[in-house]
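Chemist: For the sequence shown, the numbering used here gives the first residue as 24, with consecutive numbering after it.
FYI, nobody ran anything at the bench for these hints, they're computed from the structure. Since no wrong hints were added, every one of them can be taken at face value.
Derived DSBU-like pairs (lysine-lysine); straight-line CA-CA distance at most 30 angstroms:
no., residue 1, residue 2
1, 155, 143
2, 89, 40
3, 40, 132
4, 126, 142
5, 83, 40
6, 50, 89
7, 83, 155
8, 83, 50
Just so you know, these numbers come straight off a predicted model, no measurement behind them.
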Amino acid sequence: MKIKLAQEEINSSLIKKIERISGEDLKMCYQCGNCSGGCPVSYAMEIPPSQVMRFLQLGKVEQVAKANSMWVCVGCLQCYSRCPKGVSVAAVLEGMRQLTLRKGEDNQKIQDIPFPFLKKAPQQALVCGFRKFVS
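Build the full structure now, drawing on both the sequences and the hints.
Modeler: Here is the structure:
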């Protein structure tokens, strides 16, 4: 019982951090699904945007963190433009990425990226990729 309460307190603390970093109030989302319907990469996400918000509202931070959704999100803000409440799932996912990267947990290892790709990729893509995937 005590372990479950401790985990709920940790999740509550993480959710507050995510809200502070993202500037979003997770309770504002009422699950209309417009964000998932307009997301150009939701097909590749293990948890679509509207479900990400619901999981976080329910305190299931670990499940969202283990999914690929925060790494797949391209930050196009289509979710924000379609949301009747003005909630940006992209900002929430960026907040989760930041928390993960601040712990030193990289999504991609630089040495695992093929050298020919690094040589041909535009500099802006490299900088954006390193900012998004590497701590």
